[in-house]
Amino acid sequence: MEHSLISLLNEVNYRLISGSPDKSVSSIVYDSRKVTPGCLFVCIHGHVYDSHQYIPDVLEKGASVIVISSDQEIFTVNVIREMSEKYGATFIGAEDTRIALAQMSMAFFDYPSKKLELIGITGTKGKTTTTYMVHDIFTAAGKQSGMIGTVANISAGEVKQADRTTPEAFDLQRILAEMVESKSDSCVMEVSSLGLQFDRVFGCEFLVGAFTNLHLDHISEAEHADMQEYLDAKLLIFEQSKNAVVNLDCSVGREVADYAKRYGPVFTYGLSKECDCRAESIKRIRKRGITGTEFFLISPWYNGNVFVALPGLFNVYNALCAIAISGVCGIPFEAIRQALGIITVPGRLQMIPNQRNITVLVDYAHNAASLQILLETLREYCHGRMIMVFGCGGNRSVTRRTEMGEVSGRMSDLTFVTSDNPRSEEPMDIIQGIMNGMGRTNGAYIIEPDRKTAIEKAIMEAKPEDFVIIAGKGHENYQIFKDQTIHFDDAEIAAEILGRLKDIRDRITEDD
Numbered sequence: 068m069e070h071s072l073i074s075l076l077n078e079v080n081y082r083l084i085s086g087s088p089d090k091s092v093s094s095i096v097y098d099s100r101k102v103t104p105g106c107l108f109v110c111i112h113g114h115v116y117d118s119h120q121y122i123p124d125v126l127e128k129g130a131s132v133i134v135i136s137s138d139q140e141i142f143t144v145n146v147i148r149e150m151s152e153k154y155g156a157t158f159i160g161a162e163d164t165r166i167a168l169a170q171m172s173m174a175f176f177d178y179p180s181k182k183l184e185l186i187g188i189t190g191t192k193g194k195t196t197t198t199y200m201v202h203d204i205f206t207a208a209g210k211q212s213g214m215i216g217t218v219a220n221i222s223a224g225e226v227k228q229a230d231r232t233t234p235e236a237f238d239l240q241r242i243l244a245e246m247v248e249s250k251s252d253s254c255v256m257e258v259s260s261l262g263l264q265f266d267r268v269f270g271c272e273f274l275v276g277a278f279t280n281l282h283l284d285h286i287s288e289a290e291h292a293d294m295q296e297y298l299d300a301k302l303l304i305f306e307q308s309k310n311a312v313v314n315l316d317c318s319v320g321r322e323v324a325d326y327a328k329r330y331g332p333v334f335t336y337g338l339s340k341e342c343d344c345r346a347e348s349i350k351r352i353r354k355r356g357i358t359g360t361e362f363f364l365i366s367p368w369y370n371g372n373v374f375v376a377l378p379g380l381f382n383v384y385n386a387l388c389a390i391a392i393s394g395v396c397g398i399p400f401e402a403i404r405q406a407l408g409i410i411t412v413p414g415r416l417q418m419i420p421n422q423r424n425i426t427v428l429v430d431y432a433h434n435a436a437s438l439q440i441l442l443e444t445l446r447e448y449c450h451g452r453m454i455m456v457f458g459c460g461g462n463r464s465v466t467r468r469t470e471m472g473e474v475s476g477r478m479s480d481l482t483f484v485t486s487d488n489p490r491s492e493e494p495m496d497i498i499q500g501i502m503n504g505m506g507r508t509n510g511a512y513i514i515e516p517d518r519k520t521a522i523e524k525a526i527m528e529a530k531p532e533d534f535v536i537i538a539g540k541g542h543e544n545y546q547i548f549k550d551q552t553i554h555f556d557d558a559e560i561a562a563e564i565l566g567r568l569k570d571i572r573d574r575i576t577e578d579d
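In terms of this note's numbering, the sequence shown opens at residue 68 and continues consecutively.
The hints are simulated quantities; they were obtained by calculation from the structure and are not laboratory data.
Worth double-checking, as some hints may not be accurate.
[Said to hold, decoys possible] SDA-like mimics (lysine to any residue), calculated; alpha carbons at most 20 Å apart, straight line:
1. Lys182 x Tyr121
2. Lys250 x Glu225
3. Lys350 x Arg241
4. Lys354 x Gly371
From a predicted model like this one, the values you see are computed outputs, not experimental measurements.
Using the sequences plus the hints, can you model the full thing?
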């Protein structure tokens, strides 16, 4: 797919620094490792690297057009002109190369975002689950919906593993173009704070922009300097949204709703009476073998009972967000009830079906705070023992190990301490860190470094009405060791073990 340089620059505020504008461009690249002959390379400033430094390298690889920031100071104009003449390359200057990347990417793929009904969901927690909920509701309503998020990207029913929550602009537009090609009519996507701050979704107009909540997270040198900067990045979604859906009950709910009102209609959700979309008479129930929650919905669009096939109050909030989005989009109530009644999200309280009358769940909880919330939530549903399986990642916070060990020891009935992604560390060194926390409690534990064996032992240990919770890796389908990375999916492993145990039981019954 070749494009003229001029056509790609149609909406870009640029100046020609050197070389001819009469060029054909084979692709747009922002990663110097992926440069191919005839491509256009966009230099962007990252948190760690400034890709302007790679200009000589990308020219050697055959890039024919280089887009640079007008304020870059690595190369003088004379040096740029010398490189331009030597390699026959064209240099373009742009005030903001990230915005230029988004604008050129849209043009490259013929503006696919304008051909889809876009739903954007931002917030600290709940993005992934809510995105799956909306996608499944739209599908139940007969829409051909795509999805972009942390766990996976879905187009025409095809599921592909995602590299990041919100793809870089060129990758995002490529994915949206694939959806258009496959006759999709809509796309629901997670929109991260960095995705907004770095203009990855620049030019995308959302029919609905939703805000789930704000928690202390992503505050670091590599992400956001403080909570205000973090919130400010999240708020950017409303500047490109026709409608807003906001969790009014969260700590900054009123502030967010007031900001969103500047750009269009705002619909709030939560449990308080002033919310447009709210849940009442919340009940923890197990329905058709599924542990979940039922509530009575009151909203401008629908009223009635809703069952959500995921436990926990936080999933009531996620469901309310999805329902409010669906209401704005005119989705029938029956499609909402149908989808939420069977909803599953990979690695997010993912239930593994079985006939042993035990509940086996896989969840991504990988720090002490999320683990505590998870166990507090499940304790309300569990009538037996809570059996935990978890480890901690290597080359990560050492204090996390102690903290998670203490939480599991205090809140679980039995913990199988195992490996997560040890990376370059020795698994037993990580386990010892976990045990330092377990030692502060009276919690029962069993050490089993092999994660598959630990999962099998936990399932074998479980009796009717017990919960087996496999935490830490969630949707990840790999395990990283010092010398290799292997395929490893907690949900697959648990299902295989449960299936094997069922086969054994069936053979015993036949023999009897």
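Against the structure, the hints come out as follows:
1. Lys182 x Tyr121: 35 Å, violated
2. Lys250 x Glu225: Holds - the C-alpha atoms of Glu225 and Lys250 are around 13 Å apart, at most 20 Å.
3. Lys350 x Arg241: 43 Å, violated
4. Lys354 x Gly371: Holds - the C-alpha atoms of Gly371 and Lys354 are around 17 Å apart, at most 20 Å.
In this structure, the earlier hints numbered 1 and 3 are contradicted, and the remaining ones agree with it.
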